[in-house]
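Trainee: Full structure from sequences and hints, please.
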Amino acid sequence: MLSILQTALELGLIGSLTVLALFLSYTMLGVCDLSTDGCFTLGAAVGAVVAIAGHPWLSLPAAMCAGVLSGFITALLQTKLGIDSLLAGIIVNTGLYSVNIAVMGGASLLNMNKTATVFTLLKSALAGTRAAGLYKLTAGLIAAALVVLFLSLFLRTRLGLAIHATGDNPDMVRSSSINPDFTTIVGLCLSGSLTALSGCLLAQSQKSVNIDIGSGMVTIALASLLIGRAFAPRGSIPKRALGAVIGAVVFRLVYAVALRLNMPAFMLKLVSSVIVIIAIAGPYLKNRWPELHRRLYHGRERGGEGHA
Amino acid sequence: MLELERISKTFNPGTVNEKRALHELTLHVKDGDFISIIGANGAGKSTLFNAIAGSFFTDSGRITLGGADITLRPEHLRAKEIGRLFQDPMRGTAPGMTIEENLALAAGRGGWLSRITKADVALFRERLAPLGMGLEDRMQQPVGLLSGGQRQALALMMATINPPKLLLLDEHTAALDPATAEKVLALTRQIVAEGRLTCLMVTHNMQSALELGNRTLMMDRGRIIFDVEGEARSRLSVPDLLVLFREAAGRNLDNDRMMLS
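Heads up: the sequence lines are chains H and D, in that order. Sequential numbering of the first sequence, starting at 1, is according to my numbering. Sequential numbering of the second sequence, starting at 1, is according to my numbering.
Simulated from the structure, these hints should not be mistaken for laboratory data. No residue lacks a Cβ here, since even glycine has one placed at the ideal position from N, Cα and C. Check before you lean on any hint, since a few could be wrong.
Negatives, chain H to chain D, calculated, CB over 12 Å [claimed, not checked]:
1. V99
2. G282
3. E291
Computed footprint of chain H on chain D; a stretch qualifies when at least three of its residues, placed anywhere within it, have a C-beta under 8 Å from a C-beta of chain H [claimed, not checked]:
4. 70-76
5. 79-86
6. 89-98
7. 112-119
Mentor: Quick look at the structure:
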């Protein structure tokens with residue numbers, strides 16, 4: 001049981017980087033970036049190829065650079081070429097499928113069983129200490145902590161505030177002499193780099209990349225983000241970013257418990273879809289409730305009169 | 001100061017919805033002018049502001065500001081020299097961000113990676129205190145919690161925190177209740193006077209169009225049909241304006257929002 005919890009925690013922390021990427025693009029910038037799935041796989045593929053080539057540390061910045069490029073193209077399509085932001089994400093996502101296979105040298109699966117990765121390096125560094133068995137958890141914790149710290153600092157800078165304001169009121173950004181196209185590009189590049197890093201770490205932790213590693217990731221991350229919002233609905237940026245990480249972990253824990261209760265593993269994506277639906281439709285229906293209630297009540301009232 | 005040379009703008013050209021919003025309009029604004037602009041619905045008042053602020057490029061003509069040709073300069077770059085307030089208080093501020101963050105973006109001090117300093121906060125407090133709305137003690141609250149009047153007052157502060165060469169006020173008190181509108185208008189007058197700002201103000205209140213500023217324009221169908229300042233203006237009354245409109249436009253001034261007193 002403990003090992004299941006530990007695995008859930010590891011997956012949650014590594015996946016939380018994608019959730020933090022969406023925190024930046026979806027919550028702050030107000031763009032639902034549907035290229036997330038492809039970008040995640042891109043990071044995994046690039047990271048794996050670089051690691052297999054014998055550069056485990058270099059694999060991290062390499063994956064992040066690939067993510068920046070992916071985010072840049074998505075942003076360019078929507079800011080400079082007049083393509084709707086949802087469509088831009090879908091287009092890039094589709095294109096990335098081919099790119100990812102090309103990166104993996106035409107294969108749809110890469111094996112890293114005998115490859116030195118950041119995880120094997122960390123494992124040998126921790127060998128003999130009490131944390132020896134916790135190297136994946138340690139890596140996930142460090143990564144999540146660094147990204148939360150980065151976002152907390154970055155979103156307080158003028159550029160960070162401008163990105164936040166772009167999602168809030170682009171008119172106001174323009175009247176502050178800042179080009180919202182620019183802030184959108186920077187925001188999506190950053191979120192792309194985090195998504196790709198997340199993919200790179202997941203691939204290395206499970207010692208293989210599959211072309212489907214990122215499929216459904218945007219919904220899973222969105223579900224985690226919305227769960228996290230329940231923990232920290234408002235308040236300071238560090239609090240909300242931490243909420244996103246907690247959301248990612250809670251999602252994985254709930255999923256692990258469901259697996260223990262004999263839910264088949266293939267249900268993961270349906271569960272994430274349902275969570276997103278509930279989290280978004282719930283508040284909407286709650287707002288509409290007085291109106292729905294009125295309709296219901298009105299009908300009964302008239303029915304009652306008819307009987308009388 | 002601001003020169004508009006025969007600027008034109010037609011919306012939906014070549015369709016049944018074609019609308020000539022600005023028609024070879026020429027206007028010379030002198031340094032320190034405070035101009036009020038009146039006109040019927042659809043006369044082109046807001047289009048004129050959009051053209052000056054750069055929300056779109058004009059089809060023809062030339063716009064210069066302080067000697068520089070800004071005809072093809074994008075909106076966000078013009079915003080360095082042009083401050084603007086809209087009728088809708090929501091348009092000038094970011095509701096999900098704090099008062100302090102809104103002001104910091106408007107002030108735009110330092111580089112991209114600079115953060116809000118103690119000096120900035122002190123400056124913001126100093127600027128907000130004279131509003132008498134207690135905003136200086138709510139700097140960490142999201143702007144979305146403020147009332148319309150408070151948001152508009154904040155937007156006015158944001159638009160003028162770096163004194164702009166030109167301030168555009170597009171019926172900026174029309175959505176506020178009368179008492180708040182009066183307060184925001186008094187503030188506007190004070191800020192414009194203190195900064196000796198050049199200012200264009202669209203209003204539907206004919207009385208304040210004559211009271212505020214030093215010059216009044218009347219627009220109709222994309223043109224300026226009447227331009228008065230100085231002594232000739234000080235002798236005018238609201239009924240005179242109505243007569244002038246009828247003479248210049250060849251019909252009665254009908255505007256359901258126009259306040260005649």
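Trainee: Quick one: see if chain H covers the region 89-98 of chain D, three-plus residues with Cβ-Cβ under 8 Å.
Mentor: holds (count 8)
Trainee: Does the no-contact call for V99/H survive, Cβ to all of chain D over 12 Å?
Mentor: Nearest chain D Cβ is 30 Å from V99/H, so the label holds.
Trainee: Can we confirm that no CB of chain D comes within 12 Å of the CB of E291/H?
Mentor: 23 Å, holds
Trainee: Confirm or reject the statement that G282/H sits farther than 12 Å, beta carbon to beta carbon, from all of chain D.
Mentor: 20 Å, holds
Trainee: Take the region 112-119 of chain D, compare each residue's beta carbon with every beta carbon of chain H, and decide whether three or more fall closer than 8 Å.
Mentor: Since three or more residues must qualify, the claim that chain H covers the region 112-119 of chain D holds, with 5 doing so at under 8 Å.
Trainee: Do three or more residues from the region 70-76 of chain D put their C-beta atoms closer than 8 Å to C-beta atoms of chain H?
Mentor: Per the Cβ count (3), the hint holds.
Trainee: Taking a Cβ-Cβ distance under 8 Å as contact, does the region 79-86 of chain D have three or more residues in contact with chain H?
Mentor: It holds, with 4 qualifying residues against the three required.
The structure meets every hint from the earlier list without exception.
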